[in-house]
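Student: Keeping their order, the protein sequence lines are chains A and B.
Start counting the first sequence at 1; every next residue gets the next number (full-length UniProt numbering).
Start counting the second sequence at 1; every next residue gets the next number (full-length UniProt numbering).
Hints are supplied without guarantee of correctness; some may be wrong.
Using C-beta positions, here's what the derived DEER-type ranges look like [to be verified]:
no.	chain 1	residue 1	chain 2	residue 2	range
1	A	L296	B	R44	44 to 54 Å
2	A	T325	B	V162	45 to 55 Å
3	B	A326	A	L166	45 to 55 Å
4	B	V260	A	V175	16 to 26 Å
5	A	V284	B	T60	56 to 66 Å
None of these hints come from the bench; they were simulated from the model.
Where a beta carbon is used, it is the ideal one built from N, C-alpha and C, also for glycine.
Chain residues, written in single-letter form:
Number of protein chains: 2
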Amino acid sequence: MSTTAVDPVGEAATRTAATHASVAVPVAAPHDSCRRILDEMRGRTFECAAAVAICAADGTLVGMATMERLLAAAGDTPVRDVMDPEPPTVTPATDQEEAAWRAVRRGESALGMVDGTGRFLGLIPPDRLLAVLLAEHDEDVARLGGFLGSSAVARSAATESVWRRLWHRLPWLLVGLGGALLAAAIVGAFEHQLRTQVLIAFFVPGVVYLAGAVGAQTVTLAIRGLAAGVGIGRIAFREAVTGPLLGVMFALVTFPLITVLWDEPRVAAAVAVALLVASSIATVLALALPWTLDRLGLDPAFGSGPLATVIQDLLSIVIYFLAATALVT
Amino acid sequence: MSTTAVDPVGEAATRTAATHASVAVPVAAPHDSCRRILDEMRGRTFECAAAVAICAADGTLVGMATMERLLAAAGDTPVRDVMDPEPPTVTPATDQEEAAWRAVRRGESALGMVDGTGRFLGLIPPDRLLAVLLAEHDEDVARLGGFLGSSAVARSAATESVWRRLWHRLPWLLVGLGGALLAAAIVGAFEHQLRTQVLIAFFVPGVVYLAGAVGAQTVTLAIRGLAAGVGIGRIAFREAVTGPLLGVMFALVTFPLITVLWDEPRVAAAVAVALLVASSIATVLALALPWTLDRLGLDPAFGSGPLATVIQDLLSIVIYFLAATALVT
Numbered sequence: 001m002s003t004t005a006v007d008p009v010g011e012a013a014t015r016t017a018a019t020h021a022s023v024a025v026p027v028a029a030p031h032d033s034c035r036r037i038l039d040e041m042r043g044r045t046f047e048c049a050a051a052v053a054i055c056a057a058d059g060t061l062v063g064m065a066t067m068e069r070l071l072a073a074a075g076d077t078p079v080r081d082v083m084d085p086e087p088p089t090v091t092p093a094t095d096q097e098e099a100a101w102r103a104v105r106r107g108e109s110a111l112g113m114v115d116g117t118g119r120f121l122g123l124i125p126p127d128r129l130l131a132v133l134l135a136e137h138d139e140d141v142a143r144l145g146g147f148l149g150s151s152a153v154a155r156s157a158a159t160e161s162v163w164r165r166l167w168h169r170l171p172w173l174l175v176g177l178g179g180a181l182l183a184a185a186i187v188g189a190f191e192h193q194l195r196t197q198v199l200i201a202f203f204v205p206g207v208v209y210l211a212g213a214v215g216a217q218t219v220t221l222a223i224r225g226l227a228a229g230v231g232i233g234r235i236a237f238r239e240a241v242t243g244p245l246l247g248v249m250f251a252l253v254t255f256p257l258i259t260v261l262w263d264e265p266r267v268a269a270a271v272a273v274a275l276l277v278a279s280s281i282a283t284v285l286a287l288a289l290p291w292t293l294d295r296l297g298l299d300p301a302f303g304s305g306p307l308a309t310v311i312q313d314l315l316s317i318v319i320y321f322l323a324a325t326a327l328v329t
Numbered sequence: 001m002s003t004t005a006v007d008p009v010g011e012a013a014t015r016t017a018a019t020h021a022s023v024a025v026p027v028a029a030p031h032d033s034c035r036r037i038l039d040e041m042r043g044r045t046f047e048c049a050a051a052v053a054i055c056a057a058d059g060t061l062v063g064m065a066t067m068e069r070l071l072a073a074a075g076d077t078p079v080r081d082v083m084d085p086e087p088p089t090v091t092p093a094t095d096q097e098e099a100a101w102r103a104v105r106r107g108e109s110a111l112g113m114v115d116g117t118g119r120f121l122g123l124i125p126p127d128r129l130l131a132v133l134l135a136e137h138d139e140d141v142a143r144l145g146g147f148l149g150s151s152a153v154a155r156s157a158a159t160e161s162v163w164r165r166l167w168h169r170l171p172w173l174l175v176g177l178g179g180a181l182l183a184a185a186i187v188g189a190f191e192h193q194l195r196t197q198v199l200i201a202f203f204v205p206g207v208v209y210l211a212g213a214v215g216a217q218t219v220t221l222a223i224r225g226l227a228a229g230v231g232i233g234r235i236a237f238r239e240a241v242t243g244p245l246l247g248v249m250f251a252l253v254t255f256p257l258i259t260v261l262w263d264e265p266r267v268a269a270a271v272a273v274a275l276l277v278a279s280s281i282a283t284v285l286a287l288a289l290p291w292t293l294d295r296l297g298l299d300p301a302f303g304s305g306p307l308a309t310v311i312q313d314l315l316s317i318v319i320y321f322l323a324a325t326a327l328v329t
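With the rest of the complex left out, here is chain A (with noise of 0.2 Å):
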């Protein structure tokens, strides 16, 4: 029975897991009896109390037994015969949301921090995973909602004066202005076509809205999925399918109701088309941006929100002008 004394954050590791690693917690081996281990635990100072690291002699973790198993436990019995021999673990190169999402779903509180051999480096303890998930959660919102992960704590985002509230966005919002800009010189290519038949400007907000709204629900799913630890792949099919579906259901409402409102079939038409082939692609392109950004090693939630929002309301505009010249002009 000891403390452990290493030091699992070698390096300023502020995103991995190794950050929450507590080095202060009780290591016990197997053969080791329940009651030698409580009785042992007593008068000692530790970060945190809510399991014990089971190690062999060259501190491999072998298990983890929680202080409810070991209370619970008759004295005599030895702690392998009531640990975890599987407890959850993690590396210090851990992902820290995908350690807490690792506790949960184990049903755990505590994960054990082991290096690449197996050797234990501390425990994780419940109240930190609490602190990464909510910060995880913060950032992930901020960044779907347009905000740099440097102000991605809520209480003092909410409370920051109005300099650096406005500082906080004006990255994205530029990246808006230049996507603003573009789309005005993209709509401006069409010129022809909008002077020949001006009911086509009547759906632009309309198309690109659907197309978006199809794609952040695309970009959310993969988020999420990502974040609980569904692979992209696994999504992607489903997806790529469910777009072309939505596209078809879009066309097949909307072709009726704007030839009956406006009497224009063919721009009609243009419209349905046009959502038809923007709403398969935005599933597609909202895969493929937080898929990118993951393999490049950078949080898949950039992905999402306001440059994903852009690139596909360009795209949206010009697949809808390209059907109107086709059908319309």
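Let chain A serve as the given structure and place chain B on it in line with the hints.
Tutor: For chain B alone, kept in the frame of chain A given last:
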């Protein structure tokens, strides 16, 4: 020393802290020694032994002692000397996300649950708090992305069948479809202006996008603030000032740029005025929606995402065409 057997879950409460209270937890009196408490916990089965609830004779919770403190204390010390005399508590009616935030802010991993008179009802253990936070996180992200709450479990939502995914998405998309047709009708009401100056059409997507982006940032801030326990009142004033400031910046950038690039100062002026007005309104509208829903007892996150976007987009179109009518035609 006893194990509490009170069942705090009278009715099928699903969103409140009561759902998560653990009932088989150690309870002791303030004058009990740490040694005695630890001795009496031996051989008993607890759902959560992270902390011991310290209760007066009438059942009132007067403190909480974590396992770490009990172990560190000298044997005969009465627990009242090592307990936290103001433990973080919630009532059964407390919102579960609020309860989880409270635990994190206090640096505690377990929360005491008490009734209106301070009588101890149970403990919410750390693994439940973790699960609550994950579920809430997931739900917020889902709503921001345009899903209904019923599809809120990330793992299942990410892998569910194509038909179920269509079903979970359609409600908001149908709202969006209605919005798209309404947008067409609004643009149609300004057909004369478009025929007079086709350049007006070029900037519709950009104005809609930028005002929407400003509103999305505010709504994100409001949701995050509410989750962290910051009232909308504290956010409102600064946001109400931030909106016009962003609008002024947009106006100062777009007016010269559009004038130079498209050689139409009157259209440039209409875009600049529209961005100023729409941005100013965007932050106020973005706060009013979650605030109203919060007042009605609904999740403020519903006021974000698709609904807010549709309303914001329609309003931006109206503002832009009114500005164009006044300044261009």
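Student: Next, verify each hint and record whether it holds.
Tutor: So, going through the hints one by one against the coordinates:
{"no.": "1", "hint": "A/L296 <-> B/R44: 44 to 54 Å", "in the structure": "holds (52 Å)"}
{"no.": "2", "hint": "A/T325 <-> B/V162: 45 to 55 Å", "in the structure": "violated (32 Å)"}
{"no.": "3", "hint": "B/A326 <-> A/L166: 45 to 55 Å", "in the structure": "violated (28 Å)"}
{"no.": "4", "hint": "B/V260 <-> A/V175: 16 to 26 Å", "in the structure": "holds (21 Å)"}
{"no.": "5", "hint": "A/V284 <-> B/T60: 56 to 66 Å", "in the structure": "holds (60 Å)"}
When held up to the earlier numbered hints, the structure conflicts with 2 and 3 and fits the remainder.
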